[in-house]
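Enquirer: Protein sequences appear in the order of chains A and B. Numbering-wise, my numbering comes out as the position in the first sequence, counting from 1, plus 4. Numbering-wise, my numbering comes out as the position in the second sequence, counting from 1, plus 4.
No lab work stands behind these hints: they were computed from the structure. Among these hints, one or two may not hold up.
No distinction is drawn between identical chains; accordingly, a pair holds when it is met within one copy or between any pair of copies.
Said to hold, decoys possible - DSS-like, lysine-lysine: derived pairs with alpha carbons at most 25 Å apart:
1) K107 with K14
2) K173 with K107
3) K64 with K125
4) K107 with K125
5) K173 with K59
6) K107 with K172
7) K59 with K125
8) K14 with K172
9) K59 with K172
10) K6 with K59
11) K107 with K59
12) K107 with K64
13) K125 with K172
Number of protein chains: 2
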Amino acid sequence: MKYCNQCGEKVDQAIPENDNRLRYVCVSCETIHYQNPNIVAGTLPLIMGDDGREKVLLCKRAIEPRYGLWTLPAGFMENGETVEAAALRESQEEANVELDNLKLYSVMSMPQINQVYMIFKGDIVGNSFSPGIESLETQLFDEEDIPWSEMAFNVITQTLQCYFDDRKKQHRSQLTDYQVHNLVYQVPKKYLNTDKT
Amino acid sequence: MKYCNQCGEKVDQAIPENDNRLRYVCVSCETIHYQNPNIVAGTLPLIMGDDGREKVLLCKRAIEPRYGLWTLPAGFMENGETVEAAALRESQEEANVELDNLKLYSVMSMPQINQVYMIFKGDIVGNSFSPGIESLETQLFDEEDIPWSEMAFNVITQTLQCYFDDRKKQHRSQLTDYQVHNLVYQVPKKYLNTDKT
Ligand SMILES: [Zn+2]
Ligand SMILES: [Zn+2]
Chain A
5 MKYCNQCGEK VDQAIPENDN RLRYVCVSCE TIHYQNPNIV AGTLPLIMGD DGREKVLLCK
65 RAIEPRYGLW TLPAGFMENG ETVEAAALRE SQEEANVELD NLKLYSVMSM PQINQVYMIF
125 KGDIVGNSFS PGIESLETQL FDEEDIPWSE MAFNVITQTL QCYFDDRKKQ HRSQLTDYQV
185 HNLVYQVPKK YLNTDKT
Chain B
5 MKYCNQCGEK VDQAIPENDN RLRYVCVSCE TIHYQNPNIV AGTLPLIMGD DGREKVLLCK
65 RAIEPRYGLW TLPAGFMENG ETVEAAALRE SQEEANVELD NLKLYSVMSM PQINQVYMIF
125 KGDIVGNSFS PGIESLETQL FDEEDIPWSE MAFNVITQTL QCYFDDRKKQ HRSQLTDYQV
185 HNLVYQVPKK YLNTDKT
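Just chain A, same shape as in the assembly:
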C-alpha cells in the first residue's frame, strides 16, 4: 500500500493513538488503513458409493498456483455472504456440485499468509459433478486412492487426514459425532509472499 484509497495522497506507516501496531495512515486525510486476514471457505464433498464405501470429491486445479494438483473446492469468501454460502458457491464454481447437510468441519489459521480456512463437510446431491472453469477434472476418491503426493495444499491434505482418522474412530464407535478441528497451519517459508500490499 502506497496511497490512500480515500484521497489519493501518500500513506505512511505509524502507530495510531490507542493502538500498538504499525498501520498505513494517510499523511493528508489521516485515514487509518487496517489490514486483516481473509477467510477461505470450502467443502469436503462426500458421497456413499454403490460399493457401500464413502468417497471424497477432489478437483484438479486448472489455475495457478499449483496448476494440475488436487484440492478440495475452496476460495475467498466475498462480502455479503455467509461462510456456508461462500463454501457452497465455491463448490458450485469449481466442481458444479450441489451439497446438503453442510457442517463446519475444520478451521485452520494460517498466520503467515493472513488466511483462515473454513471447510464444511457436506453430502453430494444427486451424484452430479463436473469440472468448473478453474478445474481440469473432478473425481471421487476412496481413501486409499487419494493422490497424496499430488495434493496442491498441505492445509487441505491435513483436513482430509483429520477426516479419515475421524471416520475410522467412528467406525470403531470411539466418536459419537464429528467435532470441528481447529488447527494452526504453519506455511513453509518457501511459499511465503512477503510483498504485502
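Starting from the structure of chain A, add chain B with the ligands where the hints point.
Expert: What follows is chain B with the ligands alone, placed relative to chain A:
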C-alpha cells in the same frame, strides 16, 4: 474507495474478466482491489464460583458503539495472528483476563456488515480480571443475573443463549460434548452502515 492504493490514480467499478462481481479496478495500473469480510474473534470466559456455580465474565463497554452496554471480549483479528491468538489478545486487552482450555464455540456470519464472529469458550486462569482501556467494568455473572436488556450486541446475546441452553442439556446428560454453533445473524437494518469504503 476512490483511489488506487498502489498508484494513487482513480478507481472505477467494473467486473473483471473471469469474475462475476463488481470490483474496484484502477483505471491506470489495472489493479483489482478485492474487499472481503473480517473476522471478529472473542471469548466466553468461564469460571466455577465458590458457590459451585459456573459464571461468565462480561465487559461493560467504555467505547462507542454501545458505550455502557455489556458484551464478551472480542475484536478484529489482526494479520499475523491465529484466530485463538486474536481471541486471547482481545480478552487480555479488554478484561485483563488469561484463559486456557480454549475451544471454538460459535461461528456467526453477519453478511450485512461483512463480519464473521468466532467465539471460543475458555476457563479463566487464577480468578483474575479487571477492566482494560476499552472497558468500564468487568464482572462475573450467574445465568439469572445476565443483564439481558443491557447487552451491546445481539450476536453476543445469541452466543450466551446457546451456551446456557447447552449447559442445561449437558446437566440433563442430553449432550456429551459441546458442539460448535454455526449461525447466521441478520443485523437489524437500523444498524447498517452502507457507506462501504
Ligand atoms: Zn487520505
Ligand atoms: Zn493503480
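Enquirer: Hints first: check each against the structure and report whether it holds.
Expert: Hints, verified against the model:
no.	hint	in the structure
1	K107 with K14	neither (45 Å within a copy, 42 Å between copies)
2	K173 with K107	both (18 Å within a copy, 21 Å between copies)
3	K64 with K125	within (19 Å within a copy, 38 Å between copies)
4	K107 with K125	both (5 Å within a copy, 19 Å between copies)
5	K173 with K59	within (17 Å within a copy, 34 Å between copies)
6	K107 with K172	both (19 Å within a copy, 23 Å between copies)
7	K59 with K125	within (12 Å within a copy, 34 Å between copies)
8	K14 with K172	neither (56 Å within a copy, 56 Å between copies)
9	K59 with K172	within (14 Å within a copy, 37 Å between copies)
10	K6 with K59	neither (48 Å within a copy, 48 Å between copies)
11	K107 with K59	within (17 Å within a copy, 29 Å between copies)
12	K107 with K64	within (24 Å within a copy, 34 Å between copies)
13	K125 with K172	within (16 Å within a copy, 28 Å between copies)
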